[in-house]
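K.L.:
Sequence lines, in order, name chains C and W. Heads up, the first sequence is in numbering that gives the first Met the number 0, so the first residue is 0 and it goes up one at a time. Heads up, the second sequence is in numbering that gives the first Met the number 0, so the first residue is 0 and it goes up one at a time.
Hints in this document: simulated from the structure, not taken from any laboratory. Wrong hints could be hidden among the right ones.
Claimed, not checked - Under the rule of at most 27 Å between Cα atoms (straight-line distance), these lysine-lysine pairs were calculated in the DSSO-like manner:
id	chain 1	residue 1	chain 2	residue 2
1	C	K202	W	K306
2	W	K319	C	K202
3	W	K146	W	K109
4	W	K101	W	K158
5	W	K293	W	K219
6	W	K293	W	K346
7	W	K306	W	K242
8	W	K285	W	K242
9	C	K202	W	K158
10	W	K158	W	K109
11	W	K101	C	K202
A quick note: this is a predicted structure, and the numbers were derived from the prediction, not measured.
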Amino acid sequence: MMQFPETIDIPLDVWVDAAMDWVLITFSGFFDLLGQIILYFMIYIEKFFVWLPWPVLVIGVGLFAWRVTGRWWSGLLMGAMLFFIGALGLWKLGMMTLSLVVASVLISLIIGIPLGIAMASSDRFEAVLKPILDGMQTMPSFVYLIPALMLFGLGKVPALFATIIYAVPPVIRLTNVGIREVSPSVIEAAHAFGSSYWQILFKAQLPLARPTIMVGINQTTMMALAMVVISSMIGAKGLGLEVLLAINRIEVGRGFEAGLCIVFMAIVIDRITFALATKKKQ
Amino acid sequence: MEKIKMEKIVVENLYKIFGPNPEVALKMLKKGHSKDEIMEKTRHGVGVADASFKVNPGEILVVMGLSGSGKSTLVRCINRLINPTSGRVLVDGEDVTRLNNKELRHFRQKHFGMVFQNFALFPHRTVLRNVEYGLEVQGISLDARRKAAMQAVEQVGLKGWEDSIPDQLSGGMQQRVGLARALALDADIMLMDEAFSALDPLIRRDMQDELLDLQEKMQKTIVFISHDLDEAIKLGDRIILMKDGVIVQQGTAEEILTNPADEYVASFVEDVDMTKVLTAESVMKKSEIMAYLKTDGPRAALRKMQKAGISSIFVREKGKCVGIVTAKNCRKAADRGEKTLHAILEKTIHKVTPDVPANTLFSMLGDENQHPVAVVDENDHLLGVIVVGLLMSRLAETMQPEINGSASANV
Numbered sequence: 000m001m002q003f004p005e006t007i008d009i010p011l012d013v014w015v016d017a018a019m020d021w022v023l024i025t026f027s028g029f030f031d032l033l034g035q036i037i038l039y040f041m042i043y044i045e046k047f048f049v050w051l052p053w054p055v056l057v058i059g060v061g062l063f064a065w066r067v068t069g070r071w072w073s074g075l076l077m078g079a080m081l082f083f084i085g086a087l088g089l090w091k092l093g094m095m096t097l098s099l100v101v102a103s104v105l106i107s108l109i110i111g112i113p114l115g116i117a118m119a120s121s122d123r124f125e126a127v128l129k130p131i132l133d134g135m136q137t138m139p140s141f142v143y144l145i146p147a148l149m150l151f152g153l154g155k156v157p158a159l160f161a162t163i164i165y166a167v168p169p170v171i172r173l174t175n176v177g178i179r180e181v182s183p184s185v186i187e188a189a190h191a192f193g194s195s196y197w198q199i200l201f202k203a204q205l206p207l208a209r210p211t212i213m214v215g216i217n218q219t220t221m222m223a224l225a226m227v228v229i230s231s232m233i234g235a236k237g238l239g240l241e242v243l244l245a246i247n248r249i250e251v252g253r254g255f256e257a258g259l260c261i262v263f264m265a266i267v268i269d270r271i272t273f274a275l276a277t278k279k280k281q
Numbered sequence: 000m001e002k003i004k005m006e007k008i009v010v011e012n013l014y015k016i017f018g019p020n021p022e023v024a025l026k027m028l029k030k031g032h033s034k035d036e037i038m039e040k041t042r043h044g045v046g047v048a049d050a051s052f053k054v055n056p057g058e059i060l061v062v063m064g065l066s067g068s069g070k071s072t073l074v075r076c077i078n079r080l081i082n083p084t085s086g087r088v089l090v091d092g093e094d095v096t097r098l099n100n101k102e103l104r105h106f107r108q109k110h111f112g113m114v115f116q117n118f119a120l121f122p123h124r125t126v127l128r129n130v131e132y133g134l135e136v137q138g139i140s141l142d143a144r145r146k147a148a149m150q151a152v153e154q155v156g157l158k159g160w161e162d163s164i165p166d167q168l169s170g171g172m173q174q175r176v177g178l179a180r181a182l183a184l185d186a187d188i189m190l191m192d193e194a195f196s197a198l199d200p201l202i203r204r205d206m207q208d209e210l211l212d213l214q215e216k217m218q219k220t221i222v223f224i225s226h227d228l229d230e231a232i233k234l235g236d237r238i239i240l241m242k243d244g245v246i247v248q249q250g251t252a253e254e255i256l257t258n259p260a261d262e263y264v265a266s267f268v269e270d271v272d273m274t275k276v277l278t279a280e281s282v283m284k285k286s287e288i289m290a291y292l293k294t295d296g297p298r299a300a301l302r303k304m305q306k307a308g309i310s311s312i313f314v315r316e317k318g319k320c321v322g323i324v325t326a327k328n329c330r331k332a333a334d335r336g337e338k339t340l341h342a343i344l345e346k347t348i349h350k351v352t353p354d355v356p357a358n359t360l361f362s363m364l365g366d367e368n369q370h371p372v373a374v375v376d377e378n379d380h381l382l383g384v385i386v387v388g389l390l391m392s393r394l395a396e397t398m399q400p401e402i403n404g405s406a407s408a409n410v
C-alpha cells in the first residue's frame, strides 16, 4: 500500500478556526443583538405553546386534520397521538420541542421563499446557490452545532440557528422548481397583457407553484423536527434532551417514551402539512 | 378615402436572429448567405429575414406558412414578446422597438389583445377572473373590470360558465375564454397565434364564423397566424405567405390563388383533387356477406339479401368471387323452381383492391344499371361494396371545405 505523503497537508481546519475567530471578535456585538432578538421571539412562541391548554390543542389538531385530510378517523388518530404524548407525562417537553420547530420553520420560510424566488428569476444565482444548498444538506447535521454554539452560546438560540441551516434548503429548492415549472405559455400570456415582474410573480407564478412550495414546506418542517432533537446537545430543552439524558444514563424505557413521542409528533406534522400541500389538486 | 387613412401597423425590414451574437449573422444574411449556411457557420438561427408589410385599420391580415416558417416569431415581434434584431415596427406611427420596459407594458395594455394556440389560460383562475386579467394588471377597479369581463364572456357565448375553472371546459370553450380575455381589454389590435388550430374541424369552423361576426361589429385590426389555407382564405382580407423566415407573397386571397408568386406558394394553393386522395376503402360500404355457388340456391341468396338489406349479392366459388346475382333474378329463378344460382349468375363484375384511387371507380360505375363494385382483399374475400350514390355522397362530404374555398376565392 502506498501511503499518502504527509507533506501534503492543507490546514483547512486551521483556516476555518481562524475565520471563525475573526467573525466572533469582529461581529460579537451583532451576534449578541441578533441572539437577543431571536430569544425574545422564541420565548413568546414557547410561552404560547406551554400556555395553550392541552384539550384545545388535541381537539383543535384533530378537527383540523379531519378537515384537511377529509377523513374523520385520520383526525381522531392525530388527536389520539397528541393525547398519548400528554399521557406519557411529556406534554410540556413536547410543547417546547414543537415551539422550537414552529419558530425555526417560520424563519426558514421567511428566508427560504424569497431566496427560492430569486433563484427562479436568475440562472446565475441558481448556479451559485445550488451547490451551497447541496453542501448544506449533505454536511452531517452535528457539524452545524459547533459554530452555532460559538456564535450564540448554549441554549435555544443556537439550536434554532443550527436547525434553520439544516432545514431551509428544501423550501428554497422547491420554491425555485415550482416557479420554474410554471408553463412558459402562461407566462408569455401574462407578458402579452402587459404585466409587470411583480404582477407575474404574484398573479401567476406563486399561485401556480403553490403545491410544489407546500411540498417544500412539508420537507422543511420534517427536517426541522429531526434537527431540533439533535440540537438538544447544545442546550435546547424538549423531547430531544430527554432522549439525550436517557442515552447518558442508559435508561431504555425513558428513551423509548421520548422517542415515541417524537415519532408521533412527526407523523402529525407530516400528515397535516402533506394534506395541505396536495389539497388543491382534488 | 382608403389612402387618407393611416396604416395601423407598419413593419419595416424586420429581422430576428436567434443566438448569442446576432450581429455577425445579420451581416452574413444581408450579404446573401442562406439560412442553412448561417446555421452551419455561426450556429445562429434565422427566425425572420427582411420582413416588411402593413396592416390597415379594421383589417384581418392572415400570416400563413408551415411550422418553422417564422410566422409566430414575426407576429411576436409586433408586441415584442420577441425582440427583433433589427428593423422597425410602427403602431399608430409609434416605433415599438424603441420603447423601454415600462412604456412597452403600457403599450401592450393599450393596444394588444392576444389569443394563443394552446389557450394559455391561467389554470388557477375562474373564467371570469381569466377574462378580467388584462384589466386587472392595468389597475382598473374591481367593479369596472368585472363588468367589462362579464360583457366579454357574454360576447363569446359563455354566460353561465364564468365561475368554472378552465380545466372543466372543452377545448372550444377554453379558446372562447382566451378570446374573451383579449376582447375584454378593448385593445384596438388582436394578435391571434394559430388561435383555432388546436380545435376540432367543426368547432374551428364555428369559431371562425363567430370571429367574423364579432369583427363586423368591432372592426379591430387583427393579425391572425394560420397554417391552414382554407382558414386564411375564409378570414383574411389579405394574406402574407412565409417560408424560411421570408415573406414570399402578400396579397388578397384571390391574388394569391390565381397568381402564386413561386412554386412554394403554388404547392400550397394547388387544388387538391379529392378523388385522387380518396381510396376505394374510404368510400366503400362495409359488407362481407356473399352467396356460395355450390350450396346456396335462389331462395337462400334472397334470404341473405333480405337480411342485409341489399338488392344484389356477390357470389363465391372455390375461394373466388365469381359474379353477382340480383334479387330480381333470384325471385324469377325461385319461381321457375331452379335450385342453383348458375343460370342467373352474371359474371362480368368489377373487382378492386382497397387501395385503388376513387377516381378510377367512376368509369366502373358508369351507367345506372351497373352493378356495385366489389372491394376484395388478396384472397378474393369481400371487404365491401361501392355503389354510385355512396361514392358521390362520400366525395361531396370530403370536398366540402374545398368547395367553400374556391367559392370565396372567386367572389
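K.L.:
Decide, hint by hint, whether the structure agrees.
P.N.:
Hints, one by one, checked against the model:
1. A threshold of 27 Å between alpha carbons decides the hint, and for C:K202 with W:K306 the separation of about 65 Å lies outside it, so the pair is violated.
2. Taking the CA atoms of W:K319 and C:K202, the gap is about 71 Å. The hint is violated against a cut of 27 Å.
3. Under the criterion of a C-alpha separation no larger than 27 Å, the hint pairing W:K146 with W:K109 is consistent with the structure, at around 18 Å.
4. In summary, the hint linking W:K101 to W:K158 is not supported, as the alpha carbons are separated by about 35 Å, beyond the 27 Å threshold.
5. Simply put, W:K293 and W:K219 have alpha-carbon atoms about 74 Å apart, too far for the 27 Å limit, and the pair is violated.
6. Among the hinted pairs, W:K293 with W:K346 is consistent with the structure: their alpha-carbon atoms are about 15 Å apart, no more than 27 Å.
7. For a cut-off of 27 Å, the pair hint linking W:K306 to W:K242 is broken: about 57 Å separates their Cα positions.
8. Distance restraint check for W:K285 and W:K242: the Cα-Cα separation of roughly 43 Å exceeds the 27 Å cut-off, and the hinted pair is therefore not satisfied.
9. For the proposed pair C:K202 and W:K158, the alpha carbon gap of about 24 Å is at most 27 Å, so the pair holds.
10. A distance of roughly 26 Å separates the Cα atoms of W:K158 and W:K109; the hinted pair therefore holds under the 27 Å criterion.
11. Among the hinted pairs, W:K101 with C:K202 is consistent with the structure: their alpha-carbon atoms are about 18 Å apart, no more than 27 Å.
Hint check: violations occur at hints 1, 2, 4, 5, 7 and 8; the rest are consistent with the structure.
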